[in-house]
Each structure stands twice: as structure tokens, then as C-alpha cells.
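If you want the building blocks of each chain, they are given just below.
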Amino acid sequence: MSAPAAAGGRPRPDGLPRPSDALTGTPHDPDRRGYYGQMGGRWLPEALVAALDEISDAYAKARTDPEFLRELDRLAETYAGRPSPISDAARLTEHVGGARILLKREDLNHTGSHKINNVLGQALLTKKMGKPRVIAETGAGQHGVATATAAALLGLDCTIYMGRVDTDRQALNVARMRLLGATVVPVDTGSATLKDAINEAFRDWVANVENTAYIFGTAAGPHPFPLLVRDLQRIIGAEARVQVPALTGRLPDAVVACVGGGSNAIGAFHAFIDDPAVRLVGAEAAGDGVDTGRHAATITGGSVGVLHGARSFLLQDKDGQVLESHSISAGLDYPGVGPEHSHLADIGRAEYVPITDAEAMDALALLARTEGIIPAIESAHAVAAALPLAKELGPDGIVLINLSGRGDKDTETAMKWFHLDDPAEPDQPAKPERPESPERPPETSAPTAAAAGNGENR
Amino acid sequence: MSGNASAPTTSSASAGTAGVPVPGTAGRLGGMFSELRAAGRAGLVGYLPAGYPDLPRSQRLLRTMIESGCDLVEVGASFSDPVLDGPVVARAQHQALRGGTRLPEVLRTVEAVTSAGGRAVVMSYFNPIIAYGQDAFARDLAAAGGSGVITPDLIVDEAETWLAATESADIDPIFLVAPSSPAERIALTAGAGRGFLYAAAVMGVTGARDSVSSVAPELVARCRQVTTLPIGVGLGVRNGAQAAEIAAFADAVIVGSAFVARAGLEDRAAAEAAIAELATELADGIAGAASDDQETPA
Ligand SMILES: Cc1ncc(COP(=O)(O)O)c(C=O)c1O
Chain A
0 MSAPAAAGGR PRPDGLPRPS DALTGTPHDP DRRGYYGQMG GRWLPEALVA
50 ALDEISDAYA KARTDPEFLR ELDRLAETYA GRPSPISDAA RLTEHVGGAR
100 ILLKREDLNH TGSHKINNVL GQALLTKKMG KPRVIAETGA GQHGVATATA
150 AALLGLDCTI YMGRVDTDRQ ALNVARMRLL GATVVPVDTG SATLKDAINE
200 AFRDWVANVE NTAYIFGTAA GPHPFPLLVR DLQRIIGAEA RVQVPALTGR
250 LPDAVVACVG GGSNAIGAFH AFIDDPAVRL VGAEAAGDGV DTGRHAATIT
300 GGSVGVLHGA RSFLLQDKDG QVLESHSISA GLDYPGVGPE HSHLADIGRA
350 EYVPITDAEA MDALALLART EGIIPAIESA HAVAAALPLA KELGPDGIVL
400 INLSGRGDKD TETAMKWFHL DDPAEPDQPA KPERPESPER PPETSAPTAA
450 AAGNGENR
Chain B
0 MSGNASAPTT SSASAGTAGV PVPGTAGRLG GMFSELRAAG RAGLVGYLPA
50 GYPDLPRSQR LLRTMIESGC DLVEVGASFS DPVLDGPVVA RAQHQALRGG
100 TRLPEVLRTV EAVTSAGGRA VVMSYFNPII AYGQDAFARD LAAAGGSGVI
150 TPDLIVDEAE TWLAATESAD IDPIFLVAPS SPAERIALTA GAGRGFLYAA
200 AVMGVTGARD SVSSVAPELV ARCRQVTTLP IGVGLGVRNG AQAAEIAAFA
250 DAVIVGSAFV ARAGLEDRAA AEAAIAELAT ELADGIAGAA SDDQETPA
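Going line by line, the protein sequences match chains A and B. Sequence positions in the first sequence follow numbering that gives the first Met the number 0 and run 0 to 457. Sequence positions in the second sequence follow numbering that gives the first Met the number 0 and run 0 to 297.
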């Protein structure tokens, strides 16, 4: 990243870029038809092409519109809390006994995840396009909460589609969205999760496209969404590419992020794509295990097809029917993935590893107990993927984990998983050590509850 | 405009700007539209997913639709994620999938219709066709006697492989245009398609509606400015009066959800009777429009 331009005003005294600096064109932009290599494009009804063109045009203008860029930067700093810091995870590093582990703290953003970065930009674009209403899909509810938040902030009418399975497992976020004035519509069709919420949002959009903008929540879908969402998330990696050398004197050896549709990961990866020495590692949700068929590891276990507007990897059967995905993490429970990740996998620039529910939950407990940070279950997948990598790289290495969100929304799931509400053992925490690690984290209190499914049941 | 249509013919792309309708490619369905033109009326097209409510009954009901007045049936292939369908059709597709209907069964259904003398096209979302193999599907559909394929989520910009496959199998690729489509996209789409152009009467998903929107005549008029391809109008049509209204300005009236809802009736005989009755009512509406309106559809 070159020296931050002053698009959003004076350069920051700390030398960090602003969101506006991350919107400039790159050699990794898709072609005119929205293709990243063989992936992407527009595979959806003709009725929506005009609306997508409208967004493409509005975004092309916004990229160089000083007023838009200033407003985006102002909201990012004074409302969402950017820049997000990097935390040196000293006790986790010590526990793992390998590379130095750093955390990019997107969990500290307003509303609790990276989703706000994208939503503020798209909501401002909606205002520019003069549309009074926004719709969005949500899985974990984080994108829904972020959208409802931006809609409240900017005075937009807001409807959120959410699968019934997810409204049940993320009830807290449903309540937050409703508090913020949004209408939450539970979706019962199909698997009643994120993919079905997206279907329903597209149906709404086709019928109301004249007055409605679809604020897509991840770097997937038809062109220009993968580009637009990526660019609005690029600030994550752009900041980190300045912060990590400031802290350590050099670039990290690896950047690790969880991949649902892929927005936090592509945002974290992008600034490092042209640094061949930096490994880019995406953690996919392997649910019960890729070989069980109950998973959401799209790149690891899928094949190329078209869904929700893009040609990309996809979990599908031999007849091209989309399979239901499975993950303990609502935000990763999606059978598709953004086209740029599929392309990065295709050309071998990024690697994608499967992380099971049990591995993610162990990592969640480990981070909580070593660093005092309860990550979102989504982000815990990235933590889990980073642990063996840190060991492999050894003490001279540096691993940056993008901590995409905080875990408050997942308290109930964690409570069930770890039996935290077991009246027989009221003060029972999760056991943070992993089987191959004999050492305990320095401070523990009666660590007896094993994560279900990891073979260590009491 | 991101549409870099490598596939469609260049002549049609320029037609939109020149304002001269370009002759559409008649295709396999050309004969049907010539007959309709000679008879001075619009055609009736009915949709039902193969495998709904089950495979044998869908085949029986599709034949009933033809016997009772449909000039063409759309044999629906089902998809797990039918984004352009409302609840009635989406539920029917999920039921067909649960019953095991996939493209091979769809092809068998087409064969059942055509071997009984009917005309059939397939309506399918595109991912199952990709999985089957675009060339193989086009070839197998032609062998089953099918005339073409309607692909609701395939825009011409992405259709290069499909256009080649349908061309070599000699079946019609049928594309949709919507009220939101600007003139140059209508021209592009009409130039690539064969058989007819499917004009969506409303912005929205499938599902019966009380009134036919005023945008349909305007959209058809915009289509006619750029192409001579026959125009079929669908989405939301559910009764004879609406069919008559549309028949006054379109070349074909397309009815889906209203048939699907009747096919779902618990009692088999009642479902069959209701389907026959609806087809008759729609065909009568269209015939009525032809007789009160001497200005026959193009
Ligand atoms: C905290 C968090 N991280 C990650 C994701 C996954 O989305 P993406 O892959 O687009 O970053 C979500 C989605 O809900 C989320 O809430």
C-alpha cells in the first residue's frame, strides 16, 4: 500500500490508511464482466441486471467522489471505531510454543464485527442512489445487525432476511436488529439457513428493486458485489500491513482468516496478495468433518458451479442441486464462497483449510482463557487454523489472525457446548489445552469440561 | 453496462440503437408460431414441474394441459434454490426434488409429452444443466423431442457455451427480459434467443396475481421495437380474463403458478379436472380476444 492519500482529509498522524485509501483500483480487480480468472460473473435473472449496473456505476463514481470518501472515513473513525488495533497475543503465543501470534481486532468495531466496514459503505452508496429502503440477508446476525445499525444511522427503511434455524440459534441478534428498528423476516424454505435467506432477499429485490438496495453481506454474489464488499473490507489488511511492521519490524509470515462467503478474509488478505512470502490461509467450517458430508468447507469439499449470481466453488450433488451446509457457526454455514477466493485457490495463491466444530470451540475457549477475548465462533475457526501453523513456523515466525468478531452472540451456543449451565458443576470452564499439548495455560481453575466430540469427555 | 456479449449476434446489438426490429430466429418453435399467426390468435403455454406432485401424475397432468388447450408446455426442472419463484412454485420444486426428480426424469417427461403429440420445452435454472453437461443436455433434450429450454437465471452475457450447445443440437435457447431491461439489453437478448422471447409481465417472482400489470404491454411494445421474435408474456397470469388481456398484445400467454396450485390438490381426479378446466378457460379467453380483436397478434 502506498502512502495513504488524503482522500478522506489530512493523512492520519499514525500513518495508517483510511477506508477511502483502500478503494483505489488494483491489478486484482475483476474484468469488465466481473470475472476473477474463471470465477465470478453474473449468473442471475435478467430482471436484476439493471440494478447491478446501477450499483456498478454508483460505485465507480463513489471511488473518486471526495464527498463520499470523506463521509466514509468520518463514519469509520467517529462511529465504527477505526482503525482497529493489533493485539500481541503473548499468552496464547507462549501456550502454543511457536510463532508470535498477533490479532487484528475487528471484534472491537461498533456492532462487534468486520461487517460494519462493508455496511457503512453500501448504506452511503444507497443514499447516493436515492433509494429509501435496504434489505439484507444474515446468517449469524452480525451483518443484519450492522445493516440495521447503518439504516438507523442514515434513516433508511430496513428489512433483514434470516433463516429460521439462525433466528433460533442467534436470538440475541434478532432482538438487537428489532431494537434498531429493522423488520426481521424468518425464512422457512429449504435448509432455513443463510443460503435460503439470500434466496428470499433476491426475491424481495426483484419485486422492489426500484426503491430498494440490497446490501450484500459478503464478498460473494453477482458482480459488482464481490468487488464492492472486498474493497470496503480491504481496510483490514491495509491497516495491518502498516501495523504489523510497526510492531515487529516486518511483514507477517501468514495471515489467517475464517471464510464464510469470504469478506473478512479477502479484506485481510488483499493488501498482502503481492507479497509472495506472506501465506494467506482461509479457515473453512468443516462442521462434523469434511468426510462426514456435514460441513461447510466449500473450497475443500466442493466443486465449481453457479449459485447466487456467481460462478465459484459450491457444495452440490452430482445433479447440480445445492447441498445443505452444516456448521456450528451460523456465519460460516453457507454452501457457497466468493469468486475471488475460488480464484486464489485455483491459482494457488491462498490455501484453505477445514476446521471442525470441535476444533473451533476448543480454540474459542483457549483464546478466552489465555487472552481474555471471547471470539465469535466464526473467528474461532481462524484461531484454530493458526495454532498448527504457529507451531510449524516456529518461534521466529509471525502469524496474524484476523479476529473478525466478538463472541457475545455465541454465549448460548458455548453454554450448551461446554455445559456451562450444568448445575452440578457451576464454575466449570472449558479445558483450553489440546491433546498434543501437555502444558496447561498458566492460570486455570478446575479445567475439567472437555469439548464434546474431541474424545476427551469426562 | 457490463454486458460484454460475445455470444449474441452483432446485428441485433446494433438494432436496438438503429430502432429497426431485427428478424428473430424462428427456431424449432417457428412452426408453432406460424400456425398461431395463421389462426389469428396467441398461443397458450402452461408450466408444471416434472415430478410434481409425483412423476407419473405430472406426466399425466402435462398431457391434460395439452389436451385442454395448451399449445406448448414448459416441463419444469427443479432446483434447490429457485430465486425467481414464489412460494407455490418453489414448494412444488422442493417436493419434486424430494421425490427424486432430476434432469433424466425431466427428459423422460418431455418424451412422454412429445410422444403423445404435444410440444414441450424445459424450464430450468442453470446449475443443474451445467452439472449435466450443456452439450449433453441440449442433445438429449433434442432426442426426447423437446423444442427448447427456458433458463430464468441465465443472462445472454454468460451464455456463450449454451448458445453453441443449443445451436448444434438444434433446440431453442429461450431467454427472459424484464420491465427493468433497457432497450439495448432487450435487443441483445432477443438477438441471441430463438423460438420466442419470454417477457416477464411484472417485476417480481412467479405467483398468481389479481391484475396484470400495466408494464406488460409497454414491455412488449419495447420488445417489438427491436425484434420480430414472438413475445410470450408470463408471471402472474391466472384466469381467462387476464389471458384475453395479454393475448391482445402478446404472441403467447404463459401460465405457471395457477396450474401448479391445481396440480397440488389432494384428490387426483379433482386435480386433473381443475387443470383441464383452467386450460380450457385460458384457451377460451385467448380465442375470445382473437375474435373481438381483428388486429391479430403479430
Ligand atoms: C464474526 C464473523 N466472522 C465471519 C463471518 C463470515 O463472513 P465472511 O466470510 O464474509 O467474513 C461472519 C458472518 O456472519 C461473522 O459474523
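Check the hints yourself; a few may be wrong.
[Unchecked claim] Quick list of simulated restraints, FRET-style, between CB atoms:
{"#": "1", "chain 1": "A", "residue 1": "K390", "chain 2": "B", "residue 2": "G263", "range": "39 to 47 Å"}
{"#": "2", "chain 1": "A", "residue 1": "K390", "chain 2": "B", "residue 2": "A142", "range": "39 to 47 Å"}
{"#": "3", "chain 1": "B", "residue 1": "P86", "chain 2": "A", "residue 2": "G248", "range": "38 to 46 Å"}
{"#": "4", "chain 1": "B", "residue 1": "S167", "chain 2": "A", "residue 2": "D28", "range": "53 to 61 Å"}
{"#": "5", "chain 1": "A", "residue 1": "D290", "chain 2": "B", "residue 2": "L264", "range": "37 to 45 Å"}
{"#": "6", "chain 1": "B", "residue 1": "A220", "chain 2": "A", "residue 2": "T410", "range": "56 to 64 Å"}
{"#": "7", "chain 1": "A", "residue 1": "D56", "chain 2": "B", "residue 2": "P86", "range": "53 to 61 Å"}
[Said to hold, decoys possible] Simulated coverage check for chain B against chain A, where a stretch passes if three residues somewhere in it have a Cβ under 8 Å from a Cβ of chain A:
{"#": "8", "segment": "58-69"}
{"#": "9", "segment": "76-82"}
{"#": "10", "segment": "118-127"}
{"#": "11", "segment": "237-249"}
[What the hints assert, rightly or not] List of simulated lysine to any residue pairs, SDA-like, C-alpha gap at most 25 Å:
{"#": "12", "chain 1": "A", "residue 1": "K317", "chain 2": "B", "residue 2": "A247"}
{"#": "13", "chain 1": "A", "residue 1": "K126", "chain 2": "A", "residue 2": "H109"}
{"#": "14", "chain 1": "A", "residue 1": "K60", "chain 2": "A", "residue 2": "R163"}
{"#": "15", "chain 1": "A", "residue 1": "K317", "chain 2": "B", "residue 2": "A142"}
{"#": "16", "chain 1": "A", "residue 1": "K415", "chain 2": "A", "residue 2": "A367"}
{"#": "17", "chain 1": "A", "residue 1": "K127", "chain 2": "B", "residue 2": "A163"}
{"#": "18", "chain 1": "A", "residue 1": "K317", "chain 2": "B", "residue 2": "M202"}
{"#": "19", "chain 1": "A", "residue 1": "K317", "chain 2": "B", "residue 2": "A143"}
{"#": "20", "chain 1": "A", "residue 1": "K317", "chain 2": "B", "residue 2": "A163"}
{"#": "21", "chain 1": "A", "residue 1": "K126", "chain 2": "B", "residue 2": "Q94"}
{"#": "22", "chain 1": "A", "residue 1": "K317", "chain 2": "B", "residue 2": "E104"}
Hints in this document: simulated from the structure, not taken from any laboratory. We put the CB at the ideal spot given by N, CA and C, even for glycine.
Against the structure, the hints:
1. Between K390 (chain A) and G263 (chain B) the Cβ separation comes to about 58 Å, which falls outside the hinted range of 39 to 47 Å.
2. Between K390 (chain A) and A142 (chain B) the beta carbon distance is about 58 Å. The supplied range of 39 to 47 Å is therefore violated.
3. The hinted range of 38 to 46 Å is not satisfied by P86 (chain B) and G248 (chain A), whose Cβ atoms lie roughly 59 Å apart.
4. The supplied range of 53 to 61 Å is broken by S167 (chain B) and D28 (chain A), whose beta-carbon atoms lie about 35 Å from each other.
5. Taking 37 to 45 Å as the suggested C-beta distance range, the pair D290 (chain A) and L264 (chain B) conforms, at roughly 44 Å.
6. Taking the beta carbon of each, A220 (chain B) and T410 (chain A) are about 59 Å apart, inside 56 to 64 Å as hinted.
7. In this structure, D56 (chain A) and P86 (chain B) break the distance hint of 53 to 61 Å, their C-beta atoms being roughly 33 Å apart.
8. Only when three residues or more bring their CB closer than 8 Å to a CB of chain A does the claim for the segment 58-69 of chain B stand; here the count is 0, and the claim is violated.
9. Closer than 8 Å: that is the beta-carbon criterion, and the segment 76-82 of chain B has 5 residues meeting it against chain A, so the requirement of 3 holds.
10. Using a Cβ-Cβ cut-off of 8 Å, 3 residues of the segment 118-127 of chain B lie near chain A, which meets the minimum of three, so the contact claim holds.
11. Using a Cβ-Cβ cut-off of 8 Å, 0 residues of the segment 237-249 of chain B lie near chain A, which falls short of the minimum of three, so the contact claim is violated.
12. The suggested pairing of K317 (chain A) with A247 (chain B) is violated, with an alpha-carbon distance near 44 Å, which exceeds 25 Å.
13. As the CA atoms of K126 (chain A) and H109 (chain A) are separated by approximately 21 Å, the hinted pair is consistent with the 25 Å bound.
14. Restraint check for K60 (chain A) and R163 (chain A): the C-alpha separation of about 38 Å exceeds 25 Å, so the hint is violated.
15. Between K317 (chain A) and A142 (chain B), the direct Cα distance comes to roughly 22 Å. Compliance with the 25 Å bound is thereby established for this hinted pair.
16. At roughly 16 Å between alpha-carbon atoms, K415 (chain A) and A367 (chain A) fall within 25 Å of each other, so this suggested pair holds.
17. Between K127 (chain A) and A163 (chain B) the CA atoms are separated by roughly 41 Å; this puts the pair beyond 25 Å, and the hint is violated.
18. With a CA separation close to 33 Å, the supplied pair K317 (chain A) and M202 (chain B) exceeds the 25 Å bound.
19. Among the hinted pairs, K317 (chain A) with A143 (chain B) is consistent with the structure: their alpha-carbon atoms are about 22 Å apart, no more than 25 Å.
20. Between the alpha carbons of K317 (chain A) and A163 (chain B) the distance comes to roughly 23 Å, so the proposed pair stays at or under 25 Å and holds.
21. The suggested pairing of K126 (chain A) with Q94 (chain B) is violated, with an alpha-carbon distance near 41 Å, which exceeds 25 Å.
22. This hinted pair checks out: K317 (chain A) and E104 (chain B) have alpha carbons roughly 15 Å apart, not beyond 25 Å.
Checked against the numbered hints above, the structure violates hints 1, 2, 3, 4, 7, 8, 11, 12, 14, 17, 18, 21; every other hint is satisfied.
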